[in-house]
Amino acid sequence: MRRLDISEVIFKVIAYVLVTLFAIAALYPFIYTLSASVSGKLAFEQGRVIFWPVDFQLDALIAVISDKGFWIAYTNTLFYTFFGTIFSMVMSIAAAYALSKSRLVFRRQINFLIVFTMWFSAGMIPTFLNYKMFGVDFRWGIIYGFGVQAFNVILLRNYFSGVSKEIEEAAIVDGANEFQVLTNVYLPMSKSALATVTLFYALSRWNGYFWNLVLVNWNVEHPLQVHLRKYLSEYLMDENASITNTPYSPYSYMYAMIVMSIIPIIVVYPYLQKYFARGVNVGGVKE
Amino acid sequence: MKVNNDVKNMSLDELKHELLMESLEKNKWHRYWVSIKKDWPLYVMLIPVILYFFIFRYMPIYGILAAFKNQNDLTLSVGQAPFAGFYAFRSLIAGDYAKEFWQAFRNTFAISMYGLIFGFPVPIILALFFSEIKSDFYRSLTQILTYLPKFISTVVITSIITLMLFEGNEPHQAPGVLTSLFQMFGLIGENTRMLHEPQYFRSIYIISGIWEGAGYGSIVYFAAIMAISPTNYEAARIDGANKLAQIRYVTLPGMAPTLTIMLILRIGEILSVGYEKIILLYNVQTYETADVISTFVTRIGGLMGGQSISLNTAAAADLFNSIIAMFLVLGANFISKRVSDTSLF
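Top line first, the protein sequences correspond to chains A and B.
Residue numbers 1 to 287, in the numbering used here, belong to the letters of the first sequence in order.
Residue numbers 288 to 632, in the numbering used here, belong to the letters of the second sequence in order.
It is worth saying that the hints were derived from the structure and are not from the lab.
Hints should not be assumed to be uniformly reliable.
What the hints assert, rightly or not - As a list, the in silico DMTMM-like pairs of lysine to aspartate or glutamate whose alpha-carbon atoms are at most 25 Å apart:
hint, chain 1, residue 1, chain 2, residue 2
1, A, LYS101, B, ASP326
2, B, LYS564, A, GLU166
3, A, LYS274, B, ASP423
4, B, LYS324, A, GLU166
5, B, LYS624, B, GLU521
6, A, LYS12, B, GLU521
7, A, LYS165, B, ASP326
8, B, LYS421, A, ASP5
Unchecked claim - Not the full set, but computed from the structure, chain A residues with beta-carbon under 8 Å of chain B:
hint, residue
9, GLU8
10, THR20
11, VAL105
12, GLN109
13, GLY147
14, PHE151
15, ILE265
Glycine included, each C-beta is placed from N, C-alpha and C at the ideal position.
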């Protein structure tokens, strides 16, 4: 082991300390949220919850779980995430596969049409009017209307372009058609890119808020994010919200809703984060 | 005579060339047709996505007309409304909406600039620190933790911010945990409603943005730092460079291409302030510092429910925004191509 210069030692110490602090800061709000949702009413209202739960109780969480409106919103979010991701993946894979073929006529032009949408958008009002005109104001409409993101198509296309041509040719010699080449050669060889793109689509569906709120007419079709926000603004508007005779603080209830809505994300996060991180590096867009 | 000959030769060549081009042209279309017939499954695969982009990304361009029409509710279609010329633009620039519009315009730039100045260096510094941590386990752990907030929805993030900054409702409810912390250090007075005071909005927005995005943003810089050969550091060390000098003369030049591209990209995106987060955090009291062009558009256009106040004014502001944004992106792309051979499209 070579000797370290004193300045290198100091820098290393600073690095360890600050990285640790930043990691704690990144995690803290979520720990606090969890603690606030399972703390006793009195302890929470007196501001005694700082980090760990105080006077552990599950009343707020149970109240959230037994709320019907919450589950309707939850089911909607699952619906949007599940069908939306499948739909988006099928569309994007098909297009990316075709675009990865250099023999495609007008390949450059079609590419340009897709990439261009990443940098120019007609704007919110025209986009809104257009969605309204096509009747995108119900569940399946949202699934279709927000189906494809240019960035993800390009990301997949770039990955497909790198798949070995020899294996593809071997498959064609064996009599495979275009569809079989895609499903038996390309897809198995691009698992990590597929995982990254699936994750991006699923996340954007799970986290979607604005357009759903603006377009979807019926409350029963609103996803979790809209529900969560509606609840929060109602509480903030209400001066007397804090005076309740429930066995939990209404703010604990709010925290409990947040906990319930991020649990699936937190559970899958450790397994999926590597695909999430990979997305940035493969995302170099080039025509 | 000689000159004449030349002309004759040239025209003959030109004629030949023209004929050749013509037959090539004919051949080209024929070749295309043969190729399309042969590879028809590829084209079938493309159709849904092309239709999608056409319907939902290109068709809306027609709706830009709304900015030039006398259309004040969302139910009338753009085609039916009568033309009103540049009326909406006039009211935006020097009319009824001018004050609010220019305020939103200034805020957009202010929030972006502060975001750039404070937000841009943090991921770089974080990446430098990550590269110092030699224990793979500890580095992965801290990296994973810092990416986490980027995974979480804007609604959840803003709800947590709102709850943590809640001013409390004594004696029933103690203030949010961050408000208590700030009060303890005397940074804010008793009963300060942080989300309702214009002076705090930008700090809240930008600091929470750094908290949310710095970890994820560091990935790209970390990759750039890792790509620098260790022998460069050895050489610098032999020359007696201390850590800061090593960063100055080895690390930063090594990651210069990445830095340039990321900076240019950020400048290109200067108008696209995350409107969703602002909508979720601002309120009437903080419009003064928080309202940006996109939020102005959603509000005036009545997208967030309620009466639409003036659709054509909103559409005009929207168009203004889109055009400047496009020039910024194109400009950024042009510069990026010049300085680093990396282009976005």
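Exercise for the section: Against the earlier hints, flag every one the structure doesn't satisfy and list their numbers going up. Expected result: 2, 5, 12, 14
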